[in-house]
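> Straight run, no breaks: the sequence shown in the numbering used here ends on number 1700.
It cannot be assumed that every hint is accurate.
[To be verified] Across the chosen pairs, the derived CB separations fall in these ranges:
(1) Lys-1443 <-> His-1567: 22 to 32 Å
(2) Asp-1640 <-> Leu-1492: 49 to 59 Å
(3) Asp-1649 <-> Asn-1620: 14 to 24 Å
(4) His-1567 <-> Leu-1494: 22 to 32 Å
(5) His-1496 <-> Gly-1648: 39 to 49 Å
(6) Met-1530 <-> Ser-1625: 35 to 45 Å
(7) Asn-1620 <-> Ser-1418: 41 to 51 Å
(8) Pro-1591 <-> Thr-1618: 47 to 57 Å
(9) Pro-1591 <-> Leu-1479: 48 to 58 Å
Hints in this document: simulated from the structure, not taken from any laboratory.
Note that beta-carbon positions come from the ideal geometry of N, C-alpha and C, so glycine has one too.
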Amino acid sequence: MQNTTESIQDSLQVVACIDGSPAAPAVCDYAAWASKHMGSPLTLLHVLDQERYPSEPDLAGNIGLGSREQLLGELAQLDRRRAKLALEHGEHMLDEAAHRLQSAGISDIKKRQRHGDLTESLMALEDETRLVVMGLQGDSSSNSGAGIGSQLETVIRSVHRPILLVPDSFSMPRTAMLAFDGSPTAFRGVELLAGSPVLKGMPLHLVMVGTDNAERRSQLEKAKQMLEVLEADITLTILSGDVEQALHKYQEEQNIDILVMGAYGHSRIRQFFVGSTTTTMLRTAKKPLVVLR
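Using the sequences plus the hints, can you model the full thing?
Structure follows, in structure tokens:
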């Protein structure tokens, strides 16, 4: 049974979401790092947004008589042509991404292109996926450098696999930090992290924000024991002050490369990762984030 489980785990893939955003090269580089670090095959995924590029324009109810009907027909043809060109452009992006990965030493690469919705496409691949890699900035963001991928929060809420969100430039990850609050949901995140090789062997800071007391220390020690399977040096820390400011300050002071967080809940530390605060954090992030679901 154990060998069967290991075989299934070995076949799970890193899925790199490729689009026309500035983050696409970094997505490839981080996906290559994750694939090597985890020993997992890699799939490049490009999803052409059905709403922006409908495969078959819906003009029902708009068809009139004479020249108006002819004009709508011509517009429908233009939409089909735009969708076809966008698909061809996507194929070229996948080819370029595969070449970049091959140059990085990745040989086990699959390419997938879908016409539809990104979230639905990723959910359809969940059973085959170990890690999703996405850029913090999507190609449909309103302002380069200011907005986040338009579908990012929907993906985070819907896809039950770890998601690695990356900035526009690559830097080799060497250290990580897990924001932790001692709740059952947080321990579930610890369990998920312990079962994933994405951070195996990497020095890890396990950080809480709140009053330093015996209960919190006990919770940290329990989490540390659960994470010992990662074979990593683990530092336990309790910070005071505002959650967002305390975590960002600690990450900067300790020069931590990756922030790991659980997605969605109601405690102080989990509220840091949702709603307007999530958006603020994602907009200002300069280093990768791993979101656990």
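> All hints are to be evaluated individually against the structure, with a verdict given for each.
Verification of the supplied hints:
Checked against the hint of 22 to 32 Å, the C-beta distance between Lys-1443 and His-1567 comes to roughly 24 Å, which is consistent with it. Against the hinted window of 49 to 59 Å, the Cβ-Cβ separation of Asp-1640 and Leu-1492 comes to about 51 Å, which satisfies the hint. Asp-1649 and Asn-1620 have their C-beta atoms about 19 Å apart, which keeps the hinted 14 to 24 Å range intact. Against the hinted window of 22 to 32 Å, the Cβ-Cβ separation of His-1567 and Leu-1494 comes to about 29 Å, which satisfies the hint.
At about 47 Å, the CB distance of His-1496 to Gly-1648 agrees with the hint of 39 to 49 Å. For Met-1530 and Ser-1625, the Cβ-Cβ distance of about 37 Å falls inside the hinted range of 35 to 45 Å, so the restraint holds. Here the CB-CB span from Asn-1620 to Ser-1418 is close to 45 Å, well matched to the stated 41 to 51 Å. Distance hint check: the CB atoms of Pro-1591 and Thr-1618 are about 20 Å apart, inconsistent with the given range 47 to 57 Å.
Under the hint 48 to 58 Å, the C-beta atoms of Pro-1591 and Leu-1479, about 56 Å apart, fit the expected range.
Comparing the model with each numbered hint stated earlier shows that hint 8 is the single one that does not hold.
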